[in-house]
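**Student:** Going down the list, the protein sequences come from chains A and B.
In terms of the working numbering, the first sequence is residues 1 to 700.
In terms of the working numbering, the second sequence is residues 1 to 166.
Derived from the structure by calculation, the hints contain no laboratory data.
Note that CB positions come from ideal geometry on N, CA and C, so glycine has one too.
Wrong hints could be hidden among the right ones.
What the hints assert, rightly or not - From chain B, some residues computed to sit far from chain A (all C-beta separations above 12 Å):
1. Asp48
2. Val89
3. Gln93
4. Ser131
5. Ala132
6. Ala156
To be verified - Calculated lysine-lysine pairs in the PhoX-like style (CA-CA distance at most 25 Å, straight line):
7. Lys99/B / Lys198/A
8. Lys258/A / Lys42/B
9. Lys392/A / Lys439/A
10. Lys258/A / Lys43/B
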Amino acid sequence: MRSAQPRKPVDDLAELRRLINQPERDKLRDLRDRLDDKEQRAHEVAAILPEAVTLSGDRSEELTRALRPAVEGSVRESIEKRPEVFIDALHPIIGSVVRRSIAESLRTLLQSLNQSLEQSFSWQGLKWRFEALRTGRSFAEVVMLRSLVYRVEQIFLIHRETSLSLLHLSADPAAAQDSDMVAGMLSAIQDFSRDSFKTGKDEALEEFRIGELQVWIAPGTHAYLAAAIRGNPPRELRAALEDAIERVHVLRGSALAKFNGDAAQFESLRPELEPCLRGQYQAKKTSAGTNRAWLALALGAGLVVAALIVGIQSEMRWQDFVRQLNAAPGIAVTQAEKGWISKSRVAFLRDPEVADPAALARAAGINPSRIRFEWKDYLALDDASVLRRFEKRFGKPAGTKLDLTNGALEIRGAVPYEWLARVQQDGIQSPGITSITDKDVKVTYDPDLALGRFRRAFSPPAGVIAKMENGTLLVAGTAPYEWLAPVRENAAKLPGISRISEEHLQVAYDPKLVLQRFSDRFSLPDTVNATMKDGILVLSGEAAHAWLMRVRPGAPTVPGIKTIDERNLTDLDLRAFQQSKSVIESAFVYFLVNKDNFATEGFAALSRLPDEIRRCLTAATRLGLEIQIEVRGSADAVGSGKRNAELSQRRAEAVRDFLVNCGFEPSLFKTMGLGAPPAADQPAPEQADRRTAFKVVPKS
Amino acid sequence: MIQNKVCLLGTSGVGKTSLVAQFVHSMFSDKYLTTVGVKIDKKIVQVDGTEVMFVIWDLAGDDDFQRLQTSYLRGTSGYLLVADGTRRVTLDQALELQKRVAETLGATPFVLALNKADLAPQWEVDEAQISALAAQDFTVIKTSAKEGAGVEEAFAHLARRMTASA
Chain A
1 MRSAQPRKPV DDLAELRRLI NQPERDKLRD LRDRLDDKEQ RAHEVAAILP
51 EAVTLSGDRS EELTRALRPA VEGSVRESIE KRPEVFIDAL HPIIGSVVRR
101 SIAESLRTLL QSLNQSLEQS FSWQGLKWRF EALRTGRSFA EVVMLRSLVY
151 RVEQIFLIHR ETSLSLLHLS ADPAAAQDSD MVAGMLSAIQ DFSRDSFKTG
201 KDEALEEFRI GELQVWIAPG THAYLAAAIR GNPPRELRAA LEDAIERVHV
251 LRGSALAKFN GDAAQFESLR PELEPCLRGQ YQAKKTSAGT NRAWLALALG
301 AGLVVAALIV GIQSEMRWQD FVRQLNAAPG IAVTQAEKGW ISKSRVAFLR
351 DPEVADPAAL ARAAGINPSR IRFEWKDYLA LDDASVLRRF EKRFGKPAGT
401 KLDLTNGALE IRGAVPYEWL ARVQQDGIQS PGITSITDKD VKVTYDPDLA
451 LGRFRRAFSP PAGVIAKMEN GTLLVAGTAP YEWLAPVREN AAKLPGISRI
501 SEEHLQVAYD PKLVLQRFSD RFSLPDTVNA TMKDGILVLS GEAAHAWLMR
551 VRPGAPTVPG IKTIDERNLT DLDLRAFQQS KSVIESAFVY FLVNKDNFAT
601 EGFAALSRLP DEIRRCLTAA TRLGLEIQIE VRGSADAVGS GKRNAELSQR
651 RAEAVRDFLV NCGFEPSLFK TMGLGAPPAA DQPAPEQADR RTAFKVVPKS
Chain B
1 MIQNKVCLLG TSGVGKTSLV AQFVHSMFSD KYLTTVGVKI DKKIVQVDGT
51 EVMFVIWDLA GDDDFQRLQT SYLRGTSGYL LVADGTRRVT LDQALELQKR
101 VAETLGATPF VLALNKADLA PQWEVDEAQI SALAAQDFTV IKTSAKEGAG
151 VEEAFAHLAR RMTASA
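Turn these sequences into a full structure, and let the hints guide you.
**Tutor:** This is the structure we're talking about:
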C-alpha cells in the first residue's frame, strides 16, 4: 500500500543525491578499503608487477638503476649470512657451466688435435711443419692457417656516433687487441674513406682486406659491427653479421641512441654476437673425419704396440740366439750386447772345430751381418766337442755307436777292424778322451783287406793261390812247408782270418830241410846216421835208448817225416843191459861142502859181481826197467833134502849179504833156496851143485 | 666505466702528439697522423674518484697543407686545443679552429693548452692575453710536453669539464 504522507523536498534532494552519488561513493569506499587492505593491494600489485617491470625495462634503465642498490645489498647480505642458499642455487648451474666449459675446451682441443694429426701424417703436413720451422710459427698455427677457410677472429660493436667500442668479442682472448683504440681507428678509417671519396653520409666502408685478414663492417643506425676475419668468408657471413646488428638495435636500440659512454650495459649482448665468431675449415670427410683423431691415435698406438712386439720378438730372438750359441758345444759366450741401432756384439771362446756362429744366428732368425762376432780360439773339452773332434779325426763307420761320458769313450755295435785298430792305437791321444772301451763291439773285417794283410805278412810263393771266404783263408796249389809252417802258425792270428783251409794245398818238403829240422829237434848223435827216403827217416848206427824213445814218437811229427826206419839202429842201453844181465846170470859162487862159506873159486866170481850189477842197474834205469836179482842157492845131493834146502837158502843169503855189504839195497835181491838137484841113482858130492846162481828179472 | 672520445686539435707543430705521448702509452704508430690524419690512443683517468676512459683522437695538425677532417670530431665529448706558446700565431689559429669546431660540435667542453712551457723566455703569448682568454671562459693551462708539466692537469681539467657538462 502506498503512503499518503507527502515527501519533504529536502529528503527528495538527499535521496536524489544519494541515487546519483551512491555508486561513486560505493566505488570510493571500495577503493579506500582496497587501499587500506594491504593484502589485497599486494595481490593486485603482484598481478601487474611482472608486466610493469617488463615495460619499464623496455622504456629505460631507470628501474634497473633504482633496483640495483637494493638488489645488490640484498644479495650481498644474503651471501654473507646464508651463503649455503646461493651455493645450493648456483651449484647445479656452475656444475653445468663448468662441464660445458670443459666439454667445449676438450672439443676445441680435440679439433685442434684432429687437425694437427690429420696433417702430421701427410706430405702437406710435412710441408707445413717445414714452414713452421722456417717462419718461427708453431706447427698448430700453421696448420690452422693453411687448413682454414675462414674464421671470424674478432667482433667489434662500435658506437657510430662516438666511435667508442661497446662490446668486443675475440675467438682468441690472448690475441685480442685493445678494442677501444681499434674501434676508434676503424671509425677514423671509415670517416677518412667517406671524406676522401665524398660519399654520402649513410655510405660506409663495408669491408677491406689486408693480406689474409679482412674486416667486414655491418652498419646499423646507432652502431655497427666490425668483424675481423681471417681467410675467405662466405657471403652468408655478411647476412649473419647484418642480422646480428639488427638484433642489437632491436634489443638495445634506445640505449644505443642514448649512449653516454657506459659500455657495460651492452655486455648482455655478448650471447647475441658470439655466434658470429664462427669459422670453417677445409672440407673434411665428416664420416671419417670425426674419428680421424681416434684413427690416428689408434694407428699410433698400433705402431707403438707393433714396435713393442717387434722389439720383444727381436729381444727374444737375440736371447734365444745367445742361449743357443752358449749351449753349442765348443762355444762359451763371455759377453753379449744387443744393439738396437748399431750392430749387436757377441764375444765368446770358440773351438775351431765347432759350427759357424753365423749359421746359428741365421737359424735364430737374426741377420749375421747385424752382429759383430768376436771370439778367441780354445780347445773345448766338453763331451760333445771332444766326440765331434774324435769323429772328425777317425770318422764314424756305419753301424758304430760312440758314447762319450766324462772323457770315457765307449764303442759299440759293428766296428770295422781297421777303424778300431786305428782308434785303439791313436784314439787315446785325442784331446779329451781318457779311456776307450770296446767290450760290446762286433768287429767286422773286409775280406780284401784281410787278404792283403795276409799277403803282406806271408808273401805267398808262386804256385800258391790264397783267397778269403767267410773269414777262412783258402790256400790252394803247392806250397813249401817252410812257407806254410809260419802261415799255419800265424795266419789265423791276422785280423779277419779265423782259420786256414789247406784242402786243395799240396805241401812240398825239402829232405835236407826235413833232416835239418829233425836234427835240430832231436840233436842227432854222432853215432847215428840219418837219411830221408820218400818221407821215411832212415836211421842207422847206435843211439842211446833215451834218444830213441824220443825219436820214435817224435820223428813222425817232424814235417816231412812220415815214418822211421830204425832197423839198422842199435839201442846202446839195451845192449849194455843185456850184456850185464848175461854176465850176472852166468856167474856162480861156489861154497864149501856142507857149509855156507864161499869156496875160493866163489870169491873170484863174487868179486866181479858188484860192478856188473851196477852196470846192469844203470842200463835198466836207462831203459826204464825196474829189475830184481834172484839169488838162487843150491846144495849137492848129499844130505837130506831139508838140510839141503836150508843150506841152499843160507848160501843165497850169504851172497846177498855180501852184495848188500857192497852197497846195494837188500830189496834188489830175492834169495831163493833151491835145495839139491834131483837125486840121481847114486848121489855124489859135486862142487858144481854147491853154488849160488843169479837171475835178473823184472821187479815183482 | 664511462668512455669518452677526446680530440686533440691544433696547428701543426704545436706538440699535440708529444702531449699525448706524455699522457698515454700509444698503440699505433705516429705515421697514421700523416696517412689517415688521426691516431687513436687511450688513457684512464680519475675524475673525482671515478675512473673515466679517454679515447684520445690525436688529429693531424690543421694548416695550409692539411685541413682538419671534421668528421673525426663526431661524437667527441671534449677536446684539448693546443697552441705553441713560443708562436703567437698558433694561438690565433687555435682560436680560429675552436670556432670551427664549435660550429660542428656545438658547445663542447675543451681546454686550451699552451704548450712548450719549458721555453718560457721565447714565448710570444703573454699573461695578459692568457687572462683575456680566461675572461672568455677559456680554461688555459700551460703545458710542457718535453718536461710533462701541466699535461696531467690539462686532461684532468678537461675531464672535470666534461663531467660537469654531462
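**Student:** Of the hints stated earlier, which fail here?
**Tutor:** No numbers; nothing is violated.
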